[in-house]
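For the sequence shown, position 331 (counting from the first letter as 1) is numbered 331 according to the UniProt record's numbering, and the numbering increases by one without interruption.
Derived from the structure by calculation, the hints contain no laboratory data. Quick reminder that beta carbons are idealized off the backbone N, C-alpha and C, glycines included. There may be inaccurate statements among the hints.
Straight-line alpha carbon distances no greater than 25 Å define the calculated SDA-like cross-link-like pairs of lysine to any residue that follow [to be verified]:
hint	residue 1	residue 2
1	Lys363	Gly251
2	Lys105	Gly220
3	Lys88	Ser176
4	Lys121	Gly251
5	Lys115	Val307
6	Lys357	Gly202
7	Lys105	Lys357
8	Lys88	Arg325
9	Lys88	Ile365
10	Lys357	Cys242
11	Lys147	Tyr249
12	Lys115	Met305
13	Lys147	Gly220
14	Lys115	Thr323
15	Lys88	Lys105
16	Lys147	Gly164
17	Lys88	Gly251
18	Lys88	Pro136
Listed next, with one range per pair, are the computed distances between beta-carbon atoms [unchecked claim]:
hint	residue 1	residue 2	range
19	Tyr249	Ser99	42 to 52 Å
20	Gln306	Asp127	19 to 29 Å
21	Glu356	Arg259	19 to 29 Å
22	Arg246	Asn87	17 to 27 Å
23	His100	Gly202	17 to 27 Å
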Amino acid sequence: MATRRARCSKCGRAILVPIELENYGYSTSITMICSGCNSQGFSQQPNYPFLNNNNAPPPPAYGRRQSWPQTPMAPQYSMTPPSPYGNKRAVLFGISYGSHANSLKGSLNDVHSMKYFLTQKLGFPTDSIRMLTDEPGERNPMRIPTKYNMRMAMRWLVEGCQPGDSLVLHFSGHGSREVDYSMDEVDGYDEAICPVDYESEGKILDDEINATIVRPLPHGSKLHAVIDTCFSGTVLDLPFMCRVNRKGYYGWEDHRNPRAAYKGTRGGLAVCISACDDDGSAADTSAFSGMESAGALTYSFIQAMQVERRLTYGQLLNAMRSTIRGAREEYGPNNQQYVMDNRQQYAHEPQLSCSEKFDIYSKPIAM
Numbered sequence: 001m002a003t004r005r006a007r008c009s010k011c012g013r014a015i016l017v018p019i020e021l022e023n024y025g026y027s028t029s030i031t032m033i034c035s036g037c038n039s040q041g042f043s044q045q046p047n048y049p050f051l052n053n054n055n056a057p058p059p060p061a062y063g064r065r066q067s068w069p070q071t072p073m074a075p076q077y078s079m080t081p082p083s084p085y086g087n088k089r090a091v092l093f094g095i096s097y098g099s100h101a102n103s104l105k106g107s108l109n110d111v112h113s114m115k116y117f118l119t120q121k122l123g124f125p126t127d128s129i130r131m132l133t134d135e136p137g138e139r140n141p142m143r144i145p146t147k148y149n150m151r152m153a154m155r156w157l158v159e160g161c162q163p164g165d166s167l168v169l170h171f172s173g174h175g176s177r178e179v180d181y182s183m184d185e186v187d188g189y190d191e192a193i194c195p196v197d198y199e200s201e202g203k204i205l206d207d208e209i210n211a212t213i214v215r216p217l218p219h220g221s222k223l224h225a226v227i228d229t230c231f232s233g234t235v236l237d238l239p240f241m242c243r244v245n246r247k248g249y250y251g252w253e254d255h256r257n258p259r260a261a262y263k264g265t266r267g268g269l270a271v272c273i274s275a276c277d278d279d280g281s282a283a284d285t286s287a288f289s290g291m292e293s294a295g296a297l298t299y300s301f302i303q304a305m306q307v308e309r310r311l312t313y314g315q316l317l318n319a320m321r322s323t324i325r326g327a328r329e330e331y332g333p334n335n336q337q338y339v340m341d342n343r344q345q346y347a348h349e350p351q352l353s354c355s356e357k358f359d360i361y362s363k364p365i366a367m
């Protein structure tokens with residue numbers, strides 16, 4: 001009898017379903033006995049995220065991704081995320097997009113480096129960090145960075161947020177731009193991040209990110225987002241954008257739109273450190289270590305924060321830009337302003353946006 005692979009809706013275990021049963025009106029769900037949980041549940045057709053999509057917008061399609069790895073006999077995983085606790089919490093997204101033309105070599109290294117930095121240097125409890133990656137060895141379906149899981153993780157991050165809480169969001173993967181039909185963007189485009197299944201499920205727009213993790217922040221809480229992706233300047237849709245020139249002078253741009261929805265917090269502080277401007281590009285590179293690939297933003301952020309523990313935001317930006325410019329001069333073609341990987345050259349210029357204006361050279365970073 002011909003079969004197809006499906007997953008038990010109770011425990012997520014891969015099971016085989018007779019195709020003949022689908023000819024009798026059961027193509028959506030089929031009642032089966034799962035050998036893993038010994039319960040009568042419904043198996044659902046697996047969701048393969050990289051099916052061809054004729055309307056897929058940029059970044060370019062990655063083609064068909066390999067199917068999810070088979071679930072081992074043990075252990076079994078809870079389908080319910082842990083309850084958030086503690087006043088320091090973080091969500092880390094690292095997406096490599098498989099072995100395809102536009103895959104990223106450094107994204108997985110980035111999130112592991114960020115987790116080490118948060119736990120070993122900043123005192124974040126390991127149990128208070130949720131890390132979602134598409135690593136080949138990842139078996140827990142709740143830890144795969146699908147659009148649904150990423151949405152749930154961001155909601156988890158701010159759930160029950162109270163004064164004194166310090167939250168961190170880190171994303172390393174592909175970004176994109178979409179035409180802004182709501183007319184609330186200064187440049188006419190929404191910025192977006194790409195989940196592993198973005199072609200079938202869609203991207204996560206800056207409007208949704210703002211509504212999910214920025215607006216709920218109460219007075220006395222703070223959120224730091226480190227977004228290592230293309231087109232990321234205003235990906236949190238924060239009201240103010242800091243522009244710093246080569247001499248270190250800065251000014252705040254007001255991105256508030258009186259005709260659009262409120263984009264600030266409920267009194268908390270939201271800060272976004274992004275890899276480039278809204279029309280800029282970012283890439284992973286081995287220029288820093290000479291060996292393993294890493295996102296230029298993630299690498300320079302962690303390096304600067306480890307060298308000086310009481311940095312101001314202005315000092316952080318200057319240190320990051322200095323690190324990246326040094327790599328450009330050493331590895332760029334004819335000393336041009338580029339960081340190189342083995343495929344292309346991408347301009348990097350870290351950006352700072354925030355829910356409020358402040359003196360970037362006197363306000364210390366507190367994570």
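Taking 25 Å as the top limit, are the C-alpha atoms of Lys88 and Lys105 close enough? Roughly 29 Å separates the two Cα atoms, so the pair is violated.
Satisfaction of hint between Ser176 and Lys88, Cα-Cα up to 25 Å: 29 Å, violated
Verify the proposed pairing of Lys115 with Val307, using a straight-line Cα cut of 25 Å. Judged against 25 Å, a Cα distance of about 17 Å means the pair holds.
Holds or violated: Lys115 to Met305, with C-alpha atoms at most 25 Å apart: 14 Å, holds
Has the given pair, Lys363 with Gly251, been kept, meaning a C-alpha gap of at most 25 Å? 15 Å, holds
17 to 27 Å as the expected CB spacing between Asn87 and Arg246, which holds or is violated: Since Arg246 and Asn87 have Cβ atoms about 38 Å apart, the given range 17 to 27 Å is violated.
CA of Lys147 to CA of Gly220, is that 25 Å or under? 30 Å, violated
Check the hint pairing Lys115 with Thr323 against an upper bound of 25 Å on the C-alpha distance. 21 Å, holds
For the pair supplied as a hint, Lys105 and Lys357, confirm whether the alpha-carbon distance does not exceed 25 Å. 36 Å, violated
Given hint Arg325 paired with Lys88 - CA-CA distance at most 25 Å: Violated, at about 32 Å.
Pair hint outcome, Lys147 versus Gly164 [Cα-Cα no greater than 25 Å]: 29 Å, violated
Restraint status (C-alpha distance of Lys88 to Pro136 at most 25 Å): 29 Å, violated
Violated hints, in rising order: 2, 3, 4, 6, 7, 8, 11, 13, 15, 16, 17, 18 and 22; the structure is consistent with all others.
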